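Just so you know, the protein sequences line up as chains A and B, in that order.
Quick note: the first sequence uses our numbering, first residue 1, plus one each step.
Quick note: the second sequence uses our numbering, first residue 1, plus one each step.
Hints were generated in silico from the structure; no laboratory data involved.
From a predicted model like this one, the values you see are computed outputs, not experimental measurements.
Backbone N, C-alpha and C fix where the C-beta goes; we use that ideal spot for every residue, glycine too.
Don't take each hint at face value.
The following label-pair restraints were derived from C-beta to C-beta distances [as the list claims (entries may be wrong)]:
1) B:C36 <-> A:E118: 19 to 27 Å
2) B:G148 <-> A:E137: 37 to 45 Å
3) A:D275 <-> B:A31: 49 to 57 Å
4) A:D275 <-> B:T156: 24 to 32 Å
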Amino acid sequence: MTRYTYYPGCSLGATAKPYAASIAATALPLGIELREIEDWNCCGATAYMSYDHVEAFSIASRNLAIAEKTAEDGGAQVVAPCSACFAVLNNAVHYMAEDPKLFDRVNDALSAAGLRYEGNVKVRHLLDVYINDVPEELLKSKITKNLEMVRLAPYYGCQIVRPKNEFDHYDMPTKFDDYLELLGAQVVYYPVKTKCCAGTFITTQPEIAARMIGLLLKSAKDRGADAVVTCCPLCQFNLDNFQKEAGEYWNQEFNIPILYFTQVVGLAMGIPPGDLEIDDHRVSADALLAKIV
Amino acid sequence: MADIRIGLWLDQPDSHFLDEILAMPGGEAAAACIQCGTCSGACPTVRFMDSSPREIMAFVRAGYRDRVLNSNTIWMCASCYSCYVRCPKEIKITDFMYKLKQIAMREGYKNPDAKRARILSKEFADNVKSLGRNNEMWLLLKYFLSTGIFSALKYTGMGLSLLRTGRLEIFPKKSKSVSDVRKIIAKSREEAAMRP
Numbered sequence: 001m002t003r004y005t006y007y008p009g010c011s012l013g014a015t016a017k018p019y020a021a022s023i024a025a026t027a028l029p030l031g032i033e034l035r036e037i038e039d040w041n042c043c044g045a046t047a048y049m050s051y052d053h054v055e056a057f058s059i060a061s062r063n064l065a066i067a068e069k070t071a072e073d074g075g076a077q078v079v080a081p082c083s084a085c086f087a088v089l090n091n092a093v094h095y096m097a098e099d100p101k102l103f104d105r106v107n108d109a110l111s112a113a114g115l116r117y118e119g120n121v122k123v124r125h126l127l128d129v130y131i132n133d134v135p136e137e138l139l140k141s142k143i144t145k146n147l148e149m150v151r152l153a154p155y156y157g158c159q160i161v162r163p164k165n166e167f168d169h170y171d172m173p174t175k176f177d178d179y180l181e182l183l184g185a186q187v188v189y190y191p192v193k194t195k196c197c198a199g200t201f202i203t204t205q206p207e208i209a210a211r212m213i214g215l216l217l218k219s220a221k222d223r224g225a226d227a228v229v230t231c232c233p234l235c236q237f238n239l240d241n242f243q244k245e246a247g248e249y250w251n252q253e254f255n256i257p258i259l260y261f262t263q264v265v266g267l268a269m270g271i272p273p274g275d276l277e278i279d280d281h282r283v284s285a286d287a288l289l290a291k292i293v
Numbered sequence: 001m002a003d004i005r006i007g008l009w010l011d012q013p014d015s016h017f018l019d020e021i022l023a024m025p026g027g028e029a030a031a032a033c034i035q036c037g038t039c040s041g042a043c044p045t046v047r048f049m050d051s052s053p054r055e056i057m058a059f060v061r062a063g064y065r066d067r068v069l070n071s072n073t074i075w076m077c078a079s080c081y082s083c084y085v086r087c088p089k090e091i092k093i094t095d096f097m098y099k100l101k102q103i104a105m106r107e108g109y110k111n112p113d114a115k116r117a118r119i120l121s122k123e124f125a126d127n128v129k130s131l132g133r134n135n136e137m138w139l140l141l142k143y144f145l146s147t148g149i150f151s152a153l154k155y156t157g158m159g160l161s162l163l164r165t166g167r168l169e170i171f172p173k174k175s176k177s178v179s180d181v182r183k184i185i186a187k188s189r190e191e192a193a194m195r196p
């Protein structure tokens, strides 16, 4: 059992509840113990960076300071299931390490709340932990269902592999592909795997979002994928909820389930789809579920 | 946006603009740009921008302050970091766009295309300040009240589906972190006001 400091992020309690449910169902059996940061706050996401970068990094770093303080050996591994949270917290760690002036300014702001960040946190994405920290024999011993009839498109999204990540290549990563194969599924070639899901454009520029989301759905549909698998709440939300608009833009019909990777892990482990809250998604995954034996 | 290109020669270049950018943390990289266009090639939203990221870099260096800060380009950046990781001169272009957004917000530059992005940023920051965490339901509600409630209608189906599956948090839980967050923001703003 490996213990991690867990930063769930704001979406996991609301739009991404199925992600939270499938993490709860799969983490412990795979030896991953997630301890939530006490009283964490919003990471600031990308929207806050338009205000002021010191202020944005300061509120993000409050979480890092608390994680560091509560870690037993002084150095904490903070795990985030959301790619935006991961990128913001990871950027904060790296930028402060590179820029002593920023480090001091952030700590000056944190001192108002009686906190200090020393620089001993490593930020990781939950997908990274599932792929790299779970021994293959343990994972294989938990797999009880056969996914070989299921064709999946691994969608990394942009932020998990972007700046300063140590997880995989920034443009053509392959680890998620390999992982889905290890779970027993077929993986389709998915060249748009790191293209942007449109992020907050879904609210501010819906027409542009429809175009971008449609490109991702079309690539999966054309290659006969039964589902697109994501590791980010915003990617899942955009791809799942905007299929009608994307279809109208591209003049075709999309009906592709969008799953969290933890839901696929859960299915392979034989956990009932209801416990993984797969039926809470907008697009039904029934056709895919029927292919699992 | 044709007038922008035709009117280029009417702009008054501001020699201090580049100095201002170079003085920002990370801003010194602007001097390293070789105008190769890799950023524009990598950008998923470039077709919707009135100037490409490469052009923005050129305009910054030529001192076309108003053109850069009035452009929709800085607001059409979706923060995907494609340009950032591909730039052969390792310019942190995404951060560069954030910096330009910050100046544009502070100085009241109002590109009409960017109105909704500006409102979302503001509502997001307010949300964090009042709750400590971001509440998606209230963020969107306040956003739609500010941008026109009718634009919310096309999201009705999505909203109902989220509501039915319990994925909208209607009564936001105020995180205990909120008093800390407010103190940190206040202190940070105090410091920002004293920056040269």
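Checklist entry - Taking the beta carbons of D275 of chain A and A31 of chain B, is their distance inside 49 to 57 Å? => result holds (56 Å)
Checklist entry - If you check the beta carbons of C36 of chain B and E118 of chain A, does the distance land in 19 to 27 Å? => result 40 Å Cβ-Cβ, so the 19 to 27 Å window is violated.
Checklist entry - In this structure, is the beta-carbon distance linking D275 of chain A and T156 of chain B contained in 24 to 32 Å? => result holds (30 Å)
Checklist entry - Are G148 of chain B and E137 of chain A spaced within 37 to 45 Å by their CB atoms? => result violated (57 Å)
In summary, the numbered hints that this structure violates are 1 and 2.
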